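Visitor: Line order of the protein sequences matches chains D and P.
The opening residue of the first sequence carries number 8 in this note's numbering; numbering runs sequentially from there.
The opening residue of the second sequence carries number 71 in this note's numbering; numbering runs sequentially from there.
Worth flagging that the hints you see were computed from the coordinates, not collected in a lab.
Predicted model only: the values in this text are computed from it and were never measured.
Note that CB positions come from ideal geometry on N, CA and C, so glycine has one too.
Warning: the hint list may mix true and false statements.
Said to hold, decoys possible - Where chain P lies over chain D, by a calculated footprint (3+ residues, C-beta under 8 angstroms): (1) 218-231; (2) 238-248; (3) 262-274; (4) 287-300; (5) 304-310; (6) 436-442; (7) 450-461.
What the hints assert, rightly or not - Pair ranges (Cβ atoms, derived): (8) P:D106 - D:S60: 52 to 60 angstroms; (9) P:Y302 - D:K173: 56 to 64 angstroms; (10) D:D169 - P:E349: 19 to 27 angstroms.
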Amino acid sequence: MKLSSKKKPNIINNMTWKIAGEAGFGIAVSGVLFSKICTRGGLFVHSYSEYPSLIRGGHNTFQLTVRDSKVYAPFKTVNFLIALNKESVTKHLFELSEKALIMFDPDENDIATETSSRKDLVLCPVPLAILSKNSGADRLMRNTVAMGASMAILAYDLTILDELFKEVFADKGQEVIDLNIRAAKAGFDYIKEHFDNSSYPYRLEKNEKHSQTQMVLGGNEAIGMGAIKAGVKFYAGYPMTPSSTLLQYMASKQLQYNIVVKHTEDEISAANMAIGAYYAGVRAMTGTAGGGFSLMVESLGLAAITETPMVYVVVQRPGPATGLPTWTDQGDLKFVLHASQGEFPRIVVAPGDTEECFYVTIQAHNLAETYQLPVIILSDKFLAESPKSTYPFDDKNIKIQRGKIATPEQLQAIGIYKRFDLQAKDGVSLRTLPGMKNGIFLANSDEHDEHGFSNEESEMRINMVDKRFKKFIAASAELPEPVLYGPAKADFTIFAWGSTKGPILEAMEILRRENVSVNLLHILYISPFPAKRVNELLEICKTPILIENNMTAQLGSLISEYTGYEIGNKILKYDGRPFFPEELVQRIRAIKNQKGLKKWLA
Amino acid sequence: MVSVNDFTSPIFPTWCPGCGDFGIWASIKNALVSMDFEPHNVMMVYGVGCSGNMCSFINAYGFHGLHGRAIPVAEAIKIANHEIPVIVVGGDGDLLGEGLSHFITACRGNPNITVILHDNQVYGLTTGQTAPTSDKGFKSKSTPLGVIEVRLNPLVTAITQGATYVARGFAGDPTYTTKLIVDGIKHEGFSFVNVLQPCVSFNHIHTYPWYRERIYKLEEGNYTPHDSTKAYEKAIEWGDKIPLGLFYEENKDTYQDDLPQIKPLPLVKQNISNIDISELYKEFI
Numbered sequence: 008m009k010l011s012s013k014k015k016p017n018i019i020n021n022m023t024w025k026i027a028g029e030a031g032f033g034i035a036v037s038g039v040l041f042s043k044i045c046t047r048g049g050l051f052v053h054s055y056s057e058y059p060s061l062i063r064g065g066h067n068t069f070q071l072t073v074r075d076s077k078v079y080a081p082f083k084t085v086n087f088l089i090a091l092n093k094e095s096v097t098k099h100l101f102e103l104s105e106k107a108l109i110m111f112d113p114d115e116n117d118i119a120t121e122t123s124s125r126k127d128l129v130l131c132p133v134p135l136a137i138l139s140k141n142s143g144a145d146r147l148m149r150n151t152v153a154m155g156a157s158m159a160i161l162a163y164d165l166t167i168l169d170e171l172f173k174e175v176f177a178d179k180g181q182e183v184i185d186l187n188i189r190a191a192k193a194g195f196d197y198i199k200e201h202f203d204n205s206s207y208p209y210r211l212e213k214n215e216k217h218s219q220t221q222m223v224l225g226g227n228e229a230i231g232m233g234a235i236k237a238g239v240k241f242y243a244g245y246p247m248t249p250s251s252t253l254l255q256y257m258a259s260k261q262l263q264y265n266i267v268v269k270h271t272e273d274e275i276s277a278a279n280m281a282i283g284a285y286y287a288g289v290r291a292m293t294g295t296a297g298g299g300f301s302l303m304v305e306s307l308g309l310a311a312i313t314e315t316p317m318v319y320v321v322v323q324r325p326g327p328a329t330g331l332p333t334w335t336d337q338g339d340l341k342f343v344l345h346a347s348q349g350e351f352p353r354i355v356v357a358p359g360d361t362e363e364c365f366y367v368t369i370q371a372h373n374l375a376e377t378y379q380l381p382v383i384i385l386s387d388k389f390l391a392e393s394p395k396s397t398y399p400f401d402d403k404n405i406k407i408q409r410g411k412i413a414t415p416e417q418l419q420a421i422g423i424y425k426r427f428d429l430q431a432k433d434g435v436s437l438r439t440l441p442g443m444k445n446g447i448f449l450a451n452s453d454e455h456d457e458h459g460f461s462n463e464e465s466e467m468r469i470n471m472v473d474k475r476f477k478k479f480i481a482a483s484a485e486l487p488e489p490v491l492y493g494p495a496k497a498d499f500t501i502f503a504w505g506s507t508k509g510p511i512l513e514a515m516e517i518l519r520r521e522n523v524s525v526n527l528l529h530i531l532y533i534s535p536f537p538a539k540r541v542n543e544l545l546e547i548c549k550t551p552i553l554i555e556n557n558m559t560a561q562l563g564s565l566i567s568e569y570t571g572y573e574i575g576n577k578i579l580k581y582d583g584r585p586f587f588p589e590e591l592v593q594r595i596r597a598i599k600n601q602k603g604l605k606k607w608l609a
Numbered sequence: 071m072v073s074v075n076d077f078t079s080p081i082f083p084t085w086c087p088g089c090g091d092f093g094i095w096a097s098i099k100n101a102l103v104s105m106d107f108e109p110h111n112v113m114m115v116y117g118v119g120c121s122g123n124m125c126s127f128i129n130a131y132g133f134h135g136l137h138g139r140a141i142p143v144a145e146a147i148k149i150a151n152h153e154i155p156v157i158v159v160g161g162d163g164d165l166l167g168e169g170l171s172h173f174i175t176a177c178r179g180n181p182n183i184t185v186i187l188h189d190n191q192v193y194g195l196t197t198g199q200t201a202p203t204s205d206k207g208f209k210s211k212s213t214p215l216g217v218i219e220v221r222l223n224p225l226v227t228a229i230t231q232g233a234t235y236v237a238r239g240f241a242g243d244p245t246y247t248t249k250l251i252v253d254g255i256k257h258e259g260f261s262f263v264n265v266l267q268p269c270v271s272f273n274h275i276h277t278y279p280w281y282r283e284r285i286y287k288l289e290e291g292n293y294t295p296h297d298s299t300k301a302y303e304k305a306i307e308w309g310d311k312i313p314l315g316l317f318y319e320e321n322k323d324t325y326q327d328d329l330p331q332i333k334p335l336p337l338v339k340q341n342i343s344n345i346d347i348s349e350l351y352k353e354f355i
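Just chain P, with the same shape it has in the complex:
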């Protein structure tokens, strides 16, 4: 049996004491253990930022790519070898700023991967600039007059662009977040788990207590996550009450389902030692 220690690397995290990333780190490891994965059968792809620094703290196959570009790497790894779970860890600046077009395209394509987004509404690693998820008017080192753009809503973006599993967790509740991640990995298709993550150093508004006063779980009402319009209504709820849980789920063909090329064998297992190309010559003769 695997344990959490199997997924823990020898390097202790360099996050600030109290950082929400600790909760997400624990949730991911717990999810992998509860699903009985072995570390060598798990593929983690990381963006660049505080969240991406998790790359050195987890023991599994890891790819720590470029800022904003984790999703394309992950999608291709899944196309190359669709037999292993592929999980992306990234931040709001990473996946929704630099990498927004990849995020949207992945929602549309429904690749069978899981994206865990650390949503702290600020750039932590570069010491506190505004993020795409920051509220309008947020004053930061890069926006001392207050940010002019309205905030990007990751859940709304995912729901409207075709993601088939859209959930929100809270770094201060690792047990609940673990469950959302497990269900996300089990889901066939593009699963997106947005995790509200207090940044203790640079976001003094969205603190643990601030969230705890506001959050509630969708399933505590009679909410069912199969209507995208209702999911949208819940996704824009932000203020006095902030819902957590599974907003939307839909079963439809994944990107991999639509690739007959990988049906006989995963691409990585196809023999390339002596491919006969004589047929290719004909159209040019």
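Just chain D, with the same shape it has in the complex:
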């Protein structure tokens, strides 16, 4: 690179790093380690991974966008690719930015032919397998060698990685720690000796000004932490991607926090068990994906008619049926809104990032107990399994609200206790727990009277249906309104829900720099639907845009149902992949360039 004296200044702390290879190559482990190396240096990250539904073979990727300011979403354009096999080059060549680097093992890859169309790329051959073997390991340490080599190219501090190995592998013994340190150093030293990084502009530097501790946390673990903080003592579930890591997370904390975690025979049992535990007075939860929730559907109505608090976590993946087990989608919104026979209120909340995952899980339990009804937390694979920079939560000021649970004194004073007392103005009647004296009642899946005894009279039926819906009205008044992100007034106003929040926030920032003003109404609580706020904003906004990770614009049709508006500009995606900021920017630009935007009253 003889032009180095004229080269542009380096790009510091603003890049996307990716490692790709066969399943079983340690892709995910390397990815998490690399994420932590960055956050420990004061940088911010957002990761994203793809993997097929199998254990060995197949193509796995982990990518990470890193900056010295907050990262709301991973970018699609990759600046640094570690290609552990040939497929990794062919599959990801089109994602590479100008001057992107490909690290590969020359003994494995015939890179020259694969990359012939891209002369701008920086090729970085490293004999990963040989260096791995020389370090005392077999080929399996190629990923570690590649990480050490990455450190050298990016001119980042290798000691952070060594420290991390010491902590992460502490329980595996000194030998494993030393092996990893040697392998990483082998990669690092190889680059120092054999590669001139002046041809490659990307660098990572520690951000000394930012010393606040960060976690690298995914949505499932954040929901798990929220559940533990909320006082969940019983969790029942059946493994189903992408909810299984929540089951596993809860299971791993059983003894530390006295939580009983039950891997049940099926999802039907899981949901019925959680309802049983909540009925008995123990905060409980179940988690699943859409397929498992299909089996839980009847239980939703059981919680509703018995007025038992209940919290479901539904981590969406593309359906129908087995669908795409390890990919992402927002196709289950209308399903969870309408699941189960009969008419009854339910709260549905769809967090947009790990912070919201944590806080809404606690709110979900408070709401479930306050209003004695089922609450569904609706997440998806992208949110669940894309760890990102997250500060430790503000867990000191959290209130546990258990609602109207009777005290012995209350029950003594009441005389004849009625569990489903119709006099309650907000529909929320005093609840007792098995074992409480003077508090006997029947939780009945049949329609019932105020004591719970089966009752099919016309008037009682109407009164009980109305009682249950009164609670919904009371809850509507308490729930937080959707947050408007970005400027109060903008050329384009996005309506969205769930995990599209991050990619949209990143796209908004790019467009802002192009002087296109965009704001976002992120609808966190979807049921009860914040119709008033949505309507107000639709009335005043210039050009509404709907963004959803599904085919049928499910939020869009809800908006139509509640407001009479149809948002004509729809940006939809249903290929199992999340939105990336770059593609949102392109599609919003396309709307901007269109003439004659439609906005009409239905």
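With chain D held as given, fit chain P onto it using these hints.
Guide: Positioned in the frame of chain D, the structure of chain P alone reads:
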């Protein structure tokens, strides 16, 4: 002192006159009285069917769940609060049809609950269709050509899947059935009392006289209920002679015994007002 009236709700049963459920209803109440339980310290979980309709006729904490799903609810209530007795009342269609996987899993897990199964070999509340316990060839509204499957034997299923107390009573003998229920509740582990229950409206074969001609009590011979192979041999006896009594009993750790989480306090009594989660952050930093 508690009496049977304490466990009787103000609502009179809606079962057909002569229904075997009356005998089981009396047996359950008698058992609870004889054990000196107070109604607020008893947890009853009901399935859906004629048997489950008992929910409105008993005065105790009750949970009338979904068809087939009583056992998971009961298991979780016991995990949440292992200090109160938890008793499941369900039917053969309920617990062995829709809910068979839960029944088998409960046998395997040995939770400290009691399941009382109303075995009338027919669906009563839906007016007479075949049940998992119906004999092969049984003609019913849903199987006018005769059911093709062989009958599911609830006792064999329980014994082979690990239940630790397996008994059979007869609705026409409430005194005897009461004793089996009492012993079942006292038993530490999963206790299963299968009760032969004549359905006077829809099962015209297995009537009171039909049973009375055939039943005998195991303990009248020199039978001891501690050998699962012998229990199996007795459990498949069905025809001219039908044994009643305790088929199998075994003492082993219950599901609750294997939960160190509930040792210090029942889950329901653990304080959740301010749980410190700062330790949880470390593995992600």
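Visitor: If a hint holds in the structure, say so; if it doesn't, say that too.
Guide: Right, here's what the structure says about each hint:
1. Counting residues of the segment 218-231 of chain D whose CB lies closer than 8 angstroms to any CB of chain P gives 6, so the stated coverage by that chain holds, three being the minimum.
2. For the segment 238-248 of chain D, the stated coverage by chain P is satisfied: 4 residues place a CB nearer than 8 angstroms to a CB of that chain, which reaches the threshold of 3.
3. Counting residues of the segment 262-274 of chain D whose beta-carbon sits less than 8 angstroms from any beta-carbon of chain P gives 10, enough to reach three: the coverage restraint holds.
4. For the segment 287-300 of chain D, the stated coverage by chain P holds: 5 residues have a C-beta nearer than 8 angstroms to a C-beta of that chain, and at least 3 were required.
5. Residues of the segment 304-310 of chain D lying with their CB closer than 8 angstroms to a CB of chain P number 3, which satisfies the three-residue condition for coverage.
6. Judged by the Cβ-Cβ criterion of 8 angstroms, the segment 436-442 of chain D is covered by chain P as claimed, because 3 of its residues qualify and three suffice.
7. Figure legend: the segment 450-461 of chain D, annotated as covered by chain P; annotation consistent (7 residues with Cβ-Cβ distances under 8 angstroms, at least 3 required).
8. Taken as a hint, the range 52 to 60 angstroms holds for the pair D106 of chain P and S60 of chain D, whose Cβ atoms sit roughly 56 angstroms apart.
9. Checked against the hint of 56 to 64 angstroms, the C-beta distance between Y302 of chain P and K173 of chain D comes to roughly 58 angstroms, which is consistent with it.
10. For D169 of chain D and E349 of chain P, the Cβ-Cβ distance of about 25 angstroms falls inside the hinted range of 19 to 27 angstroms, so the restraint holds.
In terms of the numbered hints stated before, the structure departs from none.
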